[in-house]
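**Q** Residues per chain, in single letters:
Protein chains: 2
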Amino acid sequence: MNARAAGDVGDAIRAIAIACRDAGAAVAALSTSTKRSVLESMARSLEAHADTILAANARDVDAATARGQTAALIDRLRLDAPRLAAVAAGMRAVAQQADPVGRITHRETRANGLDIERVRIPLGLVVMIYEARPNVTADAAALCFHSGNAVLLRGGSEAFESNRAIAAALRAALVEHGLPAGAITLMEDLSREAMIAVLQLTDIVDLAIPRGGEGLIRFVAEHARVPVIKHYRGVCHLYVDAQADPDVALRLLIDGKTTRPAVCNALETLLVHADVAATFLPRAAHALRQRGVELRGCRRSRELVAGMTAATDADYAAEFLDLIIAVRIVADADEAMEHIRRFGSDHTEVIATRDDSVAQRFVQSLRCAVVMVNASSRFSDGGELGLGAEIGISTTRLHAYGPMGSESLTIERYVVRGTGQTRHGTPSID
Amino acid sequence: MNARAAGDVGDAIRAIAIACRDAGAAVAALSTSTKRSVLESMARSLEAHADTILAANARDVDAATARGQTAALIDRLRLDAPRLAAVAAGMRAVAQQADPVGRITHRETRANGLDIERVRIPLGLVVMIYEARPNVTADAAALCFHSGNAVLLRGGSEAFESNRAIAAALRAALVEHGLPAGAITLMEDLSREAMIAVLQLTDIVDLAIPRGGEGLIRFVAEHARVPVIKHYRGVCHLYVDAQADPDVALRLLIDGKTTRPAVCNALETLLVHADVAATFLPRAAHALRQRGVELRGCRRSRELVAGMTAATDADYAAEFLDLIIAVRIVADADEAMEHIRRFGSDHTEVIATRDDSVAQRFVQSLRCAVVMVNASSRFSDGGELGLGAEIGISTTRLHAYGPMGSESLTIERYVVRGTGQTRHGTPSID
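Sequence order for the protein chains is A and B. Mapping of the first sequence onto our numbering: position 388 corresponds to residue 388, and the numbering continues sequentially without gaps. Mapping of the second sequence onto our numbering: position 149 corresponds to residue 149, and the numbering continues sequentially without gaps.
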């Protein structure tokens, strides 16, 4: 692409983003009850357009299959009636969440009589960049709408037909309520130039949220001049303390590692206190291997469990997203935390212990977004933590940290009401 | 500078930033009462080292004078006993603020028995980049320390001797309490290469806050790969509604424009409802001119006030930081808001009106960080809004919006406590 053509792409993207942002002003002003009824209409519209959406999705799946895409990608891409019903149900769940917009988070009257409020308002224009999952189109649109924002959606090319059908159904619901369809805009130009252009609209875009593999996220981080909230990886650890309930620890291990290994809140590393390693580790290895998990361990763990391959630093740093786990025996909680500080990704860390003081030290010493005491890492999810849904998980230590729901798409501003107060006394005005 | 030398700068800066961040871990863990007593020691240490600090400042002022710097810069640079006392008093005020660290902002128990808390923790490492004001060294150090953060300070070269003396006094207080001095680190390499290097430490720096002129802020925004919170300009408007109390409006105008024109919360533009222009504007022009203010107006306002120069779009977009004001007569509040949306900077907007419904529409329709109803723009300041002090004002619509105090230097994380809950039922473990 030559410079002229790149300029054209930039101009076109800029115009689309401005139209989207401007349409958002109407959404920002809606009452909670109106937003609820529009979200309900969106859910109904998805149901009413189910045939169209599933037919579009079938074309995407056929094309992906023909291009020889992996089974994992095709699984992420595929919609069927139950999955679409779950998406609609998710919209209704978002509709029932508390409305963050207009929430007064602080109120005080100063000595000079000024009434000060901090009030939540929408961010403005959110850009969502994602890959093959078409449900993200509906989830992101619902959360952005609920929080009063316009959303510019840039999904993966594999899911383009599905995304277009879903976005059309959602936009029909906006129009039905007399709202500008532009508040939910799907980017049709899926070129890299267009993505780079949108990431540089610092005067229009308030936030970009990339969601997908590390390659996509690094691409966004590299090219973005607008604020980005992201997480690269979830290298989640389970530390089994000397005072752990071994049955609890084993359940957390199996749930965290084996129930859905390809997601970011799955466990990747098991750290075991030396005092309980001889009893816990053989049992854990047996249970994991029964479920097809490969173990890679430190020297001492290999002495306790036969047939384990040696874990390298690369294994400890890896987000396997697969039925593989790295294992290490540690002298105590401090060594476990040191390991986590070195290899962790600030996502979710788990401790199994019955010793409250060790648990408290683990909570306070680690800076990860989510810390679990005697609970599975798999609960690190907006729905499970009570947010209704999530637009992403942040390990960016700013604005939001951990699973992000509606509230994370708003910001607190100041509203000050007075009766003519001035800062430097009362000026003579005649 | 060749590539090798740039690499050396980068390595040195990286080592300094890591040491600063690591020292911050000790600060993050301190109790509220310990932090109070350390801040008190810092204030005392500033007082005890007053002679050294003022002597260092005199060297800075002499050098700046010899280099022919402007009187305005030298005024920002100069410290004297009362100013230093005010800095120490500011530290004591910060010490008395509520501690944001450890504050539980949300708590719920889920149906599955999981206890979920959202708890504030420090950001980590904050980089403060500023210009000639040496008091920022102490203010930023106090706010970062109070909020449990390490701070890397990069002040202007004009204030280097002053900053070094202040930082030494503050670090002495840390050491007195057995804390690592590195938690407050002043960068000694003031080269652009060093500033660029620190702004690209995405794995170490959690937030950069530039404070100063638009040139510095644009430089930081351009080179930063770490998150940045900033404001470029304060183009603050006063809208005098048809239902304004004219005396109140006039006081807000004089306070906002004339008491300290060089600061970002000063007024730059006056918008007057057409219905009251003929009575209000001549009176306002008289009062402003008495105080040396130059007026630049629209055609209609020039018909009402003789000798006003014509305002251009550049005037409406300008942050004059001087005794100049742009004036425009508008048909109604909607036209005023349209003007503000076009020319405003999302900083602070003021309405003078006795009509609550107009005020409410002004508050809700504008997206600025601070909106004032019948109160002076000059209250848009952390101290005045109850934050004790401010580390800056954000017009970045993320994380913080408006004046930023201690709480804006923390982030909410999730702490989840369970009794062995798993997400996918209870796995068989034998």
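One or more of the hints may lead you astray.
What the hints assert, rightly or not - Derived, one-sided and incomplete: chain B residues facing chain A with beta-carbon distance under 8 Å:
id, residue
1, 40
2, 41
3, 107
4, 110
5, 114
6, 219
7, 245
8, 259
9, 261
10, 263
11, 416
12, 420
In short, the hints are calculated from the structure, not lab data. Each residue gets a CB set at the ideal place from its N, CA and C atoms; glycine is no exception.
**Q** Can we keep the residue 261 of chain B interface hint, with Cβ of chain A closer than 8 Å?
**A** 12 Å, violated
**Q** Classify the hint on residue 40 of chain B as holds or violated, based on whether any CB of chain A lies nearer than 8 Å to its CB.
**A** 24 Å, violated
**Q** With 8 Å as the cut and Cβ atoms as the points, is residue 110 of chain B at the interface with chain A?
**A** 6 Å, holds
**Q** For the hint on residue 114 of chain B, just tell me whether its beta-carbon gets within less than 8 Å of chain A.
**A** 6 Å, holds
**Q** The hint names residue 259 of chain B as touching chain A; please verify it with the least Cβ-Cβ distance against 8 Å.
**A** The hint holds - residue 259 of chain B has a Cβ within 8 Å of chain A, the shortest such distance being about 4 Å.
**Q** Minimum Cβ distance from residue 245 of chain B to chain A below 8 Å?
**A** 7 Å, holds
**Q** Min Cβ distance, residue 219 of chain B to chain A: is it shorter than 8 Å?
**A** Status violated, d = 14 Å.
**Q** Given a cut of 8 Å on the nearest C-beta pair, is the interface hint for residue 420 of chain B held or broken against chain A?
**A** 4 Å, holds
**Q** Tell me if residue 107 of chain B is really an interface residue toward chain A, meaning its C-beta lies closer than 8 Å to one of theirs.
**A** 11 Å, violated
**Q** Using 8 Å as the Cβ threshold, decide whether residue 263 of chain B counts as touching chain A.
**A** 11 Å, violated
**Q** For the restraint on residue 41 of chain B, tell me whether the closest CB of chain A is nearer than 8 Å.
**A** 24 Å, violated
**Q** Regarding the hint that residue 416 of chain B lies at the interface with chain A, is the smallest CB-CB distance below 8 Å?
**A** For residue 416 of chain B, the interface hint holds, since the closest Cβ of chain A sits about 5 Å away, which is under 8 Å.
Hint violations for this structure: numbers 1, 2, 3, 6, 9 and 10, all remaining hints satisfied.
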